[in-house]
Amino acid sequence: MMHLWRKFKRNALLNALTLGGNGLAFGAILLLFSYLYQEYRFEDFHALRDRIYRPTYVASGSNFTTHWARIPVNYINQLPEEIPEIKALIRFQNQEQKYFRIGEQRFKPDHAFVTDANVFDVFTFPLIAGDKSEALKQPHTMVV
Numbered sequence: 102m103m104h105l106w107r108k109f110k111r112n113a114l115l116n117a118l119t120l121g122g123n124g125l126a127f128g129a130i131l132l133l134f135s136y137l138y139q140e141y142r143f144e145d146f147h148a149l150r151d152r153i154y155r156p157t158y159v160a161s162g163s164n165f166t167t168h169w170a171r172i173p174v175n176y177i178n179q180l181p182e183e184i185p186e187i188k189a190l191i192r193f194q195n196q197e198q199k200y201f202r203i204g205e206q207r208f209k210p211d212h213a214f215v216t217d218a219n220v221f222d223v224f225t226f227p228l229i230a231g232d233k234s235e236a237l238k239q240p241h242t243m244v245v
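In terms of this note's numbering, the sequence shown is residues 102 to 245.
The set of hints was computed from the structure by calculation and includes no laboratory data.
Keep in mind that this is a model prediction, so the values were computed, not measured.
Treat the hints loosely; a few may be bogus.
[What the hints assert, rightly or not] Just the calculated beta-carbon pair ranges, DEER-fashion:
(1) Trp106 / Pro227: 48 to 58 Å
(2) Phe226 / His104: 55 to 65 Å
(3) Asn178 / Gln239: 20 to 30 Å
(4) Val245 / Ala148: 14 to 24 Å
(5) Pro227 / Asn195: 36 to 46 Å
(6) Leu132 / Leu105: 27 to 37 Å
(7) Thr167 / Gly122: 37 to 47 Å
(8) Met103 / Pro227: 50 to 60 Å
(9) Met103 / Leu132: 31 to 41 Å
(10) Tyr141 / Asn175: 26 to 36 Å
[What the hints assert, rightly or not] Below 25 Å or equal to it, Euclidean Cα-Cα: the simulated PhoX-like pairs (lysine-lysine) are:
(11) Lys233 / Lys188
(12) Lys188 / Lys238
(13) Lys209 / Lys199
(14) Lys209 / Lys238
(15) Lys199 / Lys238
(16) Lys209 / Lys233
For each residue, glycine too, the CB sits at the ideal point set by N, CA and C.
Start from the sequences and build out the full structure, keeping to the hints where you can.
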C-alpha cells in the first residue's frame, strides 16, 4: 500500500486530475442512468400503462412555436369526438394555490389536483384506505 502511495505522490497533480476526472465521469454516468431509469419507468405501476397517453398542445405563429403539456379545455373536450379510439378521458387541474376546508379547519396542500371521477378506472394509484369505486363519486369529495 505504501508503494502505491509513493507512486501516487510522484505525479500528484496528474494523478489527482485523473482521479477527479474519473470521479466526475462516473458521477455523470450515474446521473444519466438515473434520468433514463426515471424516464422509462415513470408511473410504470399502472395496470393500463401501455394504453395511457398524455396529449400535448403545440401552438405556432409567424415567429414562434411553443409546446405545452397542458391543453385548453375547449380542445380537450373535443378529443373523444375527433378520435373515437379514446376510451376514457381524465383531466387533471392543478390546485396548489387553493385552500381546502374540512369542517372548520382550512389547509393549503403542497400538491393538489382536481380530476374526473373515473380517474381510478384508468390509473391504479394505491389507496391507503377506502374504496376506489366509491371515491370521488359525490360532489365536493377528495382523496388524500
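Outcome of range test on Cβ distance (Leu132, Leu105; 27 to 37 Å):
Once the Cβ atoms are compared, 29 Å apart, the range 27 to 37 Å for Leu105 and Leu132 holds.
Checking one constraint from the list: CA of Lys199 to CA of Lys238, max 25 Å. Satisfied?
holds (21 Å)
Given the hint of 20 to 30 Å, check if Asn178 and Gln239 actually sit that far apart at their C-beta atoms.
Distance hint for Asn178, Gln239 holds at roughly 23 Å.
Using the Cβ atoms, figure out if Phe226 sits within 55 to 65 Å of His104.
58 Å Cβ-Cβ, so the 55 to 65 Å window holds.
Restraint check for Lys209 with Lys233, where alpha carbons must lie at most 25 Å apart:
Cα-Cα ~24 Å, so holds.
Per the hint of 36 to 46 Å, is the separation of the Cβ atoms of Pro227 and Asn195 within bounds?
violated (22 Å)
Could you see if the CB distance from Thr167 to Gly122 stays within 37 to 47 Å?
holds (39 Å)
Do the Cβ positions of Met103 and Leu132 conform to the proposed distance bound of 31 to 41 Å?
Once the Cβ atoms are compared, 35 Å apart, the range 31 to 41 Å for Leu132 and Met103 holds.
For a C-alpha distance cap of 25 Å, please report whether Lys209 and Lys199 respect it.
Distance ~6 Å between Lys209 and Lys199 Cα, so the pair holds.
Go ahead and decide if the range 48 to 58 Å is satisfied by the Cβ distance of Trp106 to Pro227.
holds (53 Å)
Confirm or reject the claim that Tyr141 and Asn175 have a C-beta distance inside 26 to 36 Å.
33 Å Cβ-Cβ, so the 26 to 36 Å window holds.
Given a hint of 14 to 24 Å, does the C-beta separation of Val245 and Ala148 actually sit inside it?
With a Cβ separation near 22 Å, Val245 and Ala148 satisfy 14 to 24 Å, so the hint holds.
Checked against the numbered hints above, the structure breaks only hint 5 and satisfies the rest.
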